[in-house]
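Protein chains: 2
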Amino acid sequence: MLNKILASIHHQLLKKEKTVAVAESCSGGQLSNLLTSLPGSSNYFILGVVTYSNESKQKILNIPAKTITKYGAVSRQVAILMAKNVRKKTGADFGISITGIAGPTGATTTKPVGTVFIALASKNKTLCRLFLLPGQREVIRNKSVGEALRLLYAQI
Amino acid sequence: MLNKILASIHHQLLKKEKTVAVAESCSGGQLSNLLTSLPGSSNYFILGVVTYSNESKQKILNIPAKTITKYGAVSRQVAILMAKNVRKKTGADFGISITGIAGPTGATTTKPVGTVFIALASKNKTLCRLFLLPGQREVIRNKSVGEALRLLYAQI
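Protein chains in written order, with the working numbering: chain F, 1 to 156; chain D, 1 to 156.
Everything labelled a hint here was simulated from the structure, so no lab data went into it.
Among these hints, one or two may not hold up.
A pair counts as met if it fits within one copy or between any two copies, since identical chains are not told apart.
Mimicking DSS-like on lysine-lysine, the simulated pairs with C-alpha atoms at most 25 Å apart in a straight line are [claimed, not checked]:
id, residue 1, residue 2
1, Lys111, Lys66
2, Lys16, Lys88
3, Lys125, Lys89
4, Lys15, Lys89
Work out the full structure: start from the sequences and follow the hints.
What follows is the structure, given as structure tokens:
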């Protein structure tokens, strides 16, 4: 199923001559990995960043430290800024971000393991979805990438 | 086998309190993905970048355009700069880079599909290895990540 979505994204991006840039945290580069898996992906994939630490989020994506402190690195606000800023940085048509708690540690009282925010920024619109994904670390990481692909697929 | 190497890298990085940053091209984020797969990896993994386009290599990793033009994006010179500069940018103890031709297109007269340069930069030393990896796109991508992990494993 994911392969079909990926093939369709590939086809649509090439056909419409659109480009993407990716900012990941908990998914660790897996979204970039999938989006570069098909031959010809260099036509649309510009940049992926895995801003795993807060410092990287600040330095590479210009997320203000106070935004991270106020809302947390796993938050709607940070997800949106990650998507917007990776898009801005690269000039890509679409900026996609994933930030979440893959576990087993990192949960807070309000954000359990499996809390994942996924944002998609384009020229005129920015979307952000919250997911509460079941399962263990690797399952959560995989599922978050699947949801990001679905979000992109729906918006191209 | 790769899982054992990864587990050992994880253990060694935690034990020695060393950090890593990754700059990938043809491997598309897979090295970052593996290096963030184990719980606790946020203690050592600072940043991954997938600088797929030449513009990204220039903009994110400060690789001079003339170096890319002169030697090619898949070259010892670019691999070394990717590793050194991602290390410098993050302050990580180790900077690792992968740049290669995963195919099926992209080969030149002197660089066949499967040509992969992997570099590892640390405080006092920078290594770069050239590989000619057999197989198709996905195999070459997977093998390049395996070789990068082996190189890191040997140097921690």
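task: Kindly indicate which numbered hints from before are broken by the structure, ordering the numbers from low to high.
output: none
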